[in-house]
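*Asks:* So you can see what is in the structure, the chains are spelled out below.
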Amino acid sequence: MSKRPRLMALRLLLAMVCFAASCAYAEPYLAVQTGLKCTQCHVNPTGGGLRGAYGDVFAQTALPATHLDTGADTWTGSLNTFLRVGGDLRTEAEATEVPHSKTISQFSLEQVRTYVEAQVIPERLIVYADEQIAPGGALNREAYVLYWSPGHDWYVKAGQMYLPFGWRLQDQTALILQASGINMTTPDQGVEFGWLKGHWDGQLDVTNGTAGGPVNDSRKQFSSQLSWVESVWRVGVAANYNDKLGGSRGTYGLFGGLRTGPISWLAQGEVIEDKSQGFGLGRSAATLLEGNWLIARGNNLKITFEYLDPDRSVSNNGETRWSAVYELTPIQFVQLRTGVRYYDGIPQVDSQHTRLYFVELHGFF
Amino acid sequence: MAIHWSRPRCVLAAGTLSMAAALLAGCAGNGVGLDANGNPIGLGSSAPSSSSAPAALSADFQSIQDNIFTPICTKCHIGANAPEGLQLDQAHSYALLVGVPSAEVPTTLRVKPGDPTDSYIIQKLQNSPGIVGMQMPYGGPYLAQSTIDVVAQWISNGAPQASSTTNTIASVAHERAQPAPLEVTATMPAEGSVVTAPLVSLAIGFSHEPDTSFLNAAVRLQNITAQPVSVPLLLAQAQGNPATVLLTPVAPLGAGVYRVTVHGGDATAMTAVDGESLPADYSFTFTVEMP
Numbered sequence: 091m092s093k094r095p096r097l098m099a100l101r102l103l104l105a106m107v108c109f110a111a112s113c114a115y116a117e118p119y120l121a122v123q124t125g126l127k128c129t130q131c132h133v134n135p136t137g138g139g140l141r142g143a144y145g146d147v148f149a150q151t152a153l154p155a156t157h158l159d160t161g162a163d164t165w166t167g168s169l170n171t172f173l174r175v176g177g178d179l180r181t182e183a184e185a186t187e188v189p190h191s192k193t194i195s196q197f198s199l200e201q202v203r204t205y206v207e208a209q210v211i212p213e214r215l216i217v218y219a220d221e222q223i224a225p226g227g228a229l230n231r232e233a234y235v236l237y238w239s240p241g242h243d244w245y246v247k248a249g250q251m252y253l254p255f256g257w258r259l260q261d262q263t264a265l266i267l268q269a270s271g272i273n274m275t276t277p278d279q280g281v282e283f284g285w286l287k288g289h290w291d292g293q294l295d296v297t298n299g300t301a302g303g304p305v306n307d308s309r310k311q312f313s314s315q316l317s318w319v320e321s322v323w324r325v326g327v328a329a330n331y332n333d334k335l336g337g338s339r340g341t342y343g344l345f346g347g348l349r350t351g352p353i354s355w356l357a358q359g360e361v362i363e364d365k366s367q368g369f370g371l372g373r374s375a376a377t378l379l380e381g382n383w384l385i386a387r388g389n390n391l392k393i394t395f396e397y398l399d400p401d402r403s404v405s406n407n408g409e410t411r412w413s414a415v416y417e418l419t420p421i422q423f424v425q426l427r428t429g430v431r432y433y434d435g436i437p438q439v440d441s442q443h444t445r446l447y448f449v450e451l452h453g454f455f
Numbered sequence: 014m015a016i017h018w019s020r021p022r023c024v025l026a027a028g029t030l031s032m033a034a035a036l037l038a039g040c041a042g043n044g045v046g047l048d049a050n051g052n053p054i055g056l057g058s059s060a061p062s063s064s065s066a067p068a069a070l071s072a073d074f075q076s077i078q079d080n081i082f083t084p085i086c087t088k089c090h091i092g093a094n095a096p097e098g099l100q101l102d103q104a105h106s107y108a109l110l111v112g113v114p115s116a117e118v119p120t121t122l123r124v125k126p127g128d129p130t131d132s133y134i135i136q137k138l139q140n141s142p143g144i145v146g147m148q149m150p151y152g153g154p155y156l157a158q159s160t161i162d163v164v165a166q167w168i169s170n171g172a173p174q175a176s177s178t179t180n181t182i183a184s185v186a187h188e189r190a191q192p193a194p195l196e197v198t199a200t201m202p203a204e205g206s207v208v209t210a211p212l213v214s215l216a217i218g219f220s221h222e223p224d225t226s227f228l229n230a231a232v233r234l235q236n237i238t239a240q241p242v243s244v245p246l247l248l249a250q251a252q253g254n255p256a257t258v259l260l261t262p263v264a265p266l267g268a269g270v271y272r273v274t275v276h277g278g279d280a281t282a283m284t285a286v287d288g289e290s291l292p293a294d295y296s297f298t299f300t301v302e303m304p
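Protein chains in written order, with the numbering used here: chain A, 91 to 455; chain B, 14 to 304.
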């Protein structure tokens, strides 16, 4: 591609971003805010990880409070026609208070991740890898081959991947992610079929059910979700059934989103029936309601309420968590997040009354 | 961006959020009818596992198992794919903890009897300097210091497997019971697992304390990636945990497929100090991969 058509393509992309007003930043509330599917801004059709060219341009134009002018040099992640890269770095200072215990405060490097996408057949065949390189040793999170249909209305993915189940939140300690066990720390190996036709967005996965580990039997895990996406609301259902050695585990959820003016709402409820070893007949439930108030460009206030019933056969044992997080994106590719997470539970268990305060620096590209 | 609300869409959206609101009707429990660990009061330990009520946390292994390892740690640390090969369910935890080198920092024992400060489990729970990876429990909420102190107290006491009361009962029962054959109760790595190179240390937990004079002849490690090749080993009992045997290859294991065999079934079989021997060969296979 010569310079001129490439510049025109970039301008067209920028125009699309402006038209879409406040498009996706990298979190699911942004999808609700913009009425777009995850695949609009991410290479992964189910969201998270490497941003696509659209997501990269949006991150430089519509996301930050102030756009530092770089002239015609706009980062799109492309090294050449076939290769794109990206990354995330999160480091934070946090203080944890637990009743009857001394407060722990620390600086910590949460994670450094790099993404590589090879479009070996442009727009049709992708080889993708997501590698966590810190803290600790390198850890492969996702690595797959993805084949898109000509109209991008269905795809097949095979390799190691995160499983689809409701909202893929940035906060991996969210109770709905902890309860389901389906999050961005537990990729699994298998295949995924995706269907993104019109307002529909659906996935069906068949995986080992061992969170990426080896297997020594023929049991499998089945994950699926299906959602209907409108410009201001969406609703979906999700199910996961893991036929594990020692007992099955089933997780079933309902999730939705709604935009009311500057506020984007996310909601999810799920029930879990775990008959696996060590849990007996464990029946639990978890819910989440989150509001994101776009106060001004680059300024978002996120209020989240979560509820966990760790054993539905027992009364008076519920746990909750309130979070208030302010997210400031002063310039492109830099985000500051500060917040508090307030756990509440039964008075007998101190750890269920943890208070977590944090300031996080998030750099991404 | 302009928002146009058609009536059916509005009703559907409102319905969806109403359902979400109904799901969110819960609030934190008041703890009435629950014990110090959040389990129902009055249920004996023989009740079904999901609603069993372990006694309040105390500085003995069974209490720590019932109150911490089983309800919290086995969410991840269970099965052949348990992180770092550490299975913390009732059947495996003691054998793989006490006197066993940690996988992340092999120079530090997971539990060093008598020395909680130098025990890796305490360091991981407290997020001490020098640990590799994340503080445990992964992602929090982290254990209260008072809870960690109980685990530390158990280690200070020598990390015994049974309390003194249980020991007495067990010894009386053992005198009355028929001798049981020697069994392998836990291995690290687990059968069929894949671990990351270099692998410095392996462990085998036995049901009885093995007679160390049989170890060198009865335990064999082979690289079976191609033609089986024996791997030289150092064998020793775990510190404070004589029923667990540590296998330390003279050089850390690189990538390959390996098999450990404990000989049984004849006069040269692995034998315990009480004279009981392994009734048949026991072997487990695992794979070491490059990071």
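Simulated from the structure, these hints should not be mistaken for lab results.
Take these hints with a grain of salt, some might be off.
[Claimed, not checked] Simulated crosslink set (EDC-like; lysine to aspartate or glutamate; CA at most 20 Å straight-line):
hint, chain 1, residue 1, chain 2, residue 2
1, A, K310, B, E204
2, A, K365, A, D307
3, A, K334, A, D307
4, A, K192, A, D434
5, A, K334, B, D162
6, A, K365, B, D162
7, A, K334, B, D224
8, A, K365, A, D401
9, A, K127, A, E184
10, A, K287, A, D401
11, B, K88, A, D261
12, A, K192, B, D162
13, B, K88, A, E320
14, B, K88, B, D102
15, A, K287, A, D243
16, A, K192, A, E363
17, B, K88, A, D401
18, A, K127, A, D307
19, A, K192, A, E213
20, A, K127, A, D333
21, A, K287, A, D333
22, A, K310, A, D261
23, A, K334, A, E363
24, A, K365, A, E320
25, B, K88, A, D243
[Said to hold, decoys possible] Here are some chain B residues the structure puts well away from chain A; computed CB gaps all over 12 Å:
hint, residue
26, G42
27, G44
28, Q148
29, I161
30, E196
31, S243
All values reported here derive from a predicted model rather than from experimental measurement.
Cβ coordinates follow ideal geometry from the N, Cα and C atoms, glycine included.
*Asks:* None of the hints should be skipped; say for each whether it holds.
*Replies:* For each hint, the structure was consulted:
no.: 1; hint: A:K310 <-> B:E204; in the structure: holds (19 Å)
no.: 2; hint: A:K365 <-> A:D307; in the structure: holds (18 Å)
no.: 3; hint: A:K334 <-> A:D307; in the structure: holds (9 Å)
no.: 4; hint: A:K192 <-> A:D434; in the structure: holds (18 Å)
no.: 5; hint: A:K334 <-> B:D162; in the structure: violated (35 Å)
no.: 6; hint: A:K365 <-> B:D162; in the structure: violated (32 Å)
no.: 7; hint: A:K334 <-> B:D224; in the structure: violated (37 Å)
no.: 8; hint: A:K365 <-> A:D401; in the structure: holds (13 Å)
no.: 9; hint: A:K127 <-> A:E184; in the structure: violated (33 Å)
no.: 10; hint: A:K287 <-> A:D401; in the structure: violated (38 Å)
no.: 11; hint: B:K88 <-> A:D261; in the structure: holds (19 Å)
no.: 12; hint: A:K192 <-> B:D162; in the structure: holds (12 Å)
no.: 13; hint: B:K88 <-> A:E320; in the structure: violated (37 Å)
no.: 14; hint: B:K88 <-> B:D102; in the structure: holds (10 Å)
no.: 15; hint: A:K287 <-> A:D243; in the structure: holds (5 Å)
no.: 16; hint: A:K192 <-> A:E363; in the structure: violated (36 Å)
no.: 17; hint: B:K88 <-> A:D401; in the structure: holds (14 Å)
no.: 18; hint: A:K127 <-> A:D307; in the structure: violated (36 Å)
no.: 19; hint: A:K192 <-> A:E213; in the structure: violated (54 Å)
no.: 20; hint: A:K127 <-> A:D333; in the structure: violated (30 Å)
no.: 21; hint: A:K287 <-> A:D333; in the structure: violated (30 Å)
no.: 22; hint: A:K310 <-> A:D261; in the structure: violated (27 Å)
no.: 23; hint: A:K334 <-> A:E363; in the structure: holds (13 Å)
no.: 24; hint: A:K365 <-> A:E320; in the structure: violated (37 Å)
no.: 25; hint: B:K88 <-> A:D243; in the structure: violated (37 Å)
no.: 26; hint: G42; in the structure: violated (4 Å)
no.: 27; hint: G44; in the structure: violated (3 Å)
no.: 28; hint: Q148; in the structure: violated (9 Å)
no.: 29; hint: I161; in the structure: violated (9 Å)
no.: 30; hint: E196; in the structure: holds (19 Å)
no.: 31; hint: S243; in the structure: holds (24 Å)
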